[in-house]
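Model the full structure from these sequences, guided by the hints.
2 protein chains.
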Amino acid sequence: MTDTDTQDDAYRQRMATKKRIVDERIANATEQRGVLILMKGNGKGKSSSAFGTMARSLGHGHRAAVIQFIKGRKATGEYLFFKDHPQVEFHVMGHGFTWETQDADKDRQAALEAWTLAERYLQDERVNFLLFDELSYMIKYGHLEAERVARAIAARPRHQNVIVTGRTMARELQDCADTISIINDERHAFRQGVKAQPGIEY
Amino acid sequence: MTDTDTQDDAYRQRMATKKRIVDERIANATEQRGVLILMKGNGKGKSSSAFGTMARSLGHGHRAAVIQFIKGRKATGEYLFFKDHPQVEFHVMGHGFTWETQDADKDRQAALEAWTLAERYLQDERVNFLLFDELSYMIKYGHLEAERVARAIAARPRHQNVIVTGRTMARELQDCADTISIINDERHAFRQGVKAQPGIEY
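First to last, the sequence lines map onto chains A and B.
For the first sequence, our numbering begins at 1 and goes up steadily by one.
For the second sequence, our numbering begins at 1 and goes up steadily by one.
Check before you lean on any hint, since a few could be wrong.
Mimicking DSSO-like on lysine-lysine, the simulated pairs with C-alpha atoms at most 30 Å apart in a straight line are [stated by the list, open to error]:
no. : chain 1 : residue 1 : chain 2 : residue 2
1   : B       : Lys19     : A       : Lys83
2   : A       : Lys140    : B       : Lys19
3   : B       : Lys19     : A       : Lys71
4   : A       : Lys18     : A       : Lys74
5   : B       : Lys83     : B       : Lys106
6   : B       : Lys18     : A       : Lys71
7   : B       : Lys83     : A       : Lys19
8   : A       : Lys74     : B       : Lys19
9   : A       : Lys140    : A       : Lys83
10  : B       : Lys106    : A       : Lys18
11  : B       : Lys18     : A       : Lys140
12  : B       : Lys140    : A       : Lys18
13  : B       : Lys195    : B       : Lys18
14  : A       : Lys19     : B       : Lys74
15  : B       : Lys83     : B       : Lys18
16  : B       : Lys18     : A       : Lys195
17  : A       : Lys74     : B       : Lys106
18  : A       : Lys71     : A       : Lys106
19  : B       : Lys140    : A       : Lys19
Hint data in this document are derived by calculation from the structure and do not stem from the laboratory.
Dropping the structure here:
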């Protein structure tokens with residue numbers, strides 16, 4: 001047997017083991033229902049991951065709704081890209097960065113309006129996919145009660161998928177989540193002096 | 001002064017501090033150029049984050065290309081969603097999961113063909129955004145040389161953004177990355193018996 005044959009054989013064995021593990025896992029996961037996914041942490045990629053998953057869902061013909069709880073200064077790429085899609089309802093709430101307004105009353109009012117809309121979607125059987133972008137800040141700043149949010153999410157239609165993004169997540173949300181990913185920031189271009197750019201940061 | 005006034009004042013101060021920090025950071029980041037972003041780790045959200053960022057980039061009118069280095073058994077939602085977009089060139093390479101084929105020669109050949117195509121895009125000034133999905137496995141399994149990959153990425157047009165996804169990343173790629181996010185898996189629906197579903201996992 002040549003060296004290459006031995007290597008190829010090792011490769012075949014490695015892949016066969018991997019296949020066996022993957023196949024076993026697939027066989028064990030049989031429950032069919034919607035999930036609550038939390039994307040948290042301080043790294044880049046939380047909102048973009050949620051929007052990428054929405055694209056995936058739309059690719060399969062699903063209906064989706066987005067509520068962005070924090071409004072930026074400029075129109076974002078995700079808004080420009082998805083706003084006219086026939087299967088998407090896209091809402092940008094709030095009235096600018098909270099750290100721009102610095103007005104607790106106005107911010108609380110905006111958060112409540114946004115969440116009232118969210119609760120409507122959480123009762124709508126026709127919507128397969130819900131994205132609550134930056135929702136966690138509204139809880140962190142005391143504008144929304146974590147318990148009320150968790151209760152509405154837990155009571156949603158069984159097939160509905162929900163993704164919530166934000167740096168930190170209230171315990172009440174973590175308690176009812178199916179998948180929790182934490183994105184940590186190992187390095188960021190911004191800290192090395194690279195300016196935020198359209199298409200990457202917004 | 002009432003309690004609410006005091007609370008509102010504290011809120012105003014907290015947000016004012018946040019605004020000062022954000023404004024300072026923005027003022028310090030002045031370099032304008034494309035970046036290399038790595039999405040690694042074992043958590044859910046790496047590929048979807050890259051596709052979400054692509055949507056953001058397309059929203060600003062950019063041109064994009066995707067190369068998926070691993071082909072799944074079924075058409076994915078991201079492929080169905082983006083394949084006909086006029087600003088996207090979408091390539092799915094390979095010939096099934098590597099752990100399905102278990103053929104080192106065929107896998108190596110497929111990886112090389114995909115990377116040759118990638119190198120063409122890395123010399124194309126007209127393409128703003130490149131997504132190399134699951135590229136890191138090709139390096140891990142020895143089908144592609146990390147050095148060759150890093151060299152081509154480092155020599156790309158200055159304004160071009162590149163995102164690479166995969167669980168582990170070769171040192172050579174990390175050395176030339178601007179942003180590295182690591183997604184860790186705190187919880188996954190799959191392990192709790194929930195079946196992989198279209199629109200979420202693929």
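Now the hints, each set against the structure:
| no. | hint | result |
| --- | --- | --- |
| 1 | Lys19/B - Lys83/A | holds, 28 Å |
| 2 | Lys140/A - Lys19/B | holds, 17 Å |
| 3 | Lys19/B - Lys71/A | holds, 15 Å |
| 4 | Lys18/A - Lys74/A | violated, 46 Å |
| 5 | Lys83/B - Lys106/B | holds, 25 Å |
| 6 | Lys18/B - Lys71/A | holds, 16 Å |
| 7 | Lys83/B - Lys19/A | holds, 28 Å |
| 8 | Lys74/A - Lys19/B | holds, 16 Å |
| 9 | Lys140/A - Lys83/A | holds, 28 Å |
| 10 | Lys106/B - Lys18/A | holds, 18 Å |
| 11 | Lys18/B - Lys140/A | holds, 14 Å |
| 12 | Lys140/B - Lys18/A | holds, 14 Å |
| 13 | Lys195/B - Lys18/B | violated, 42 Å |
| 14 | Lys19/A - Lys74/B | holds, 16 Å |
| 15 | Lys83/B - Lys18/B | violated, 41 Å |
| 16 | Lys18/B - Lys195/A | holds, 19 Å |
| 17 | Lys74/A - Lys106/B | violated, 48 Å |
| 18 | Lys71/A - Lys106/A | holds, 13 Å |
| 19 | Lys140/B - Lys19/A | holds, 17 Å |
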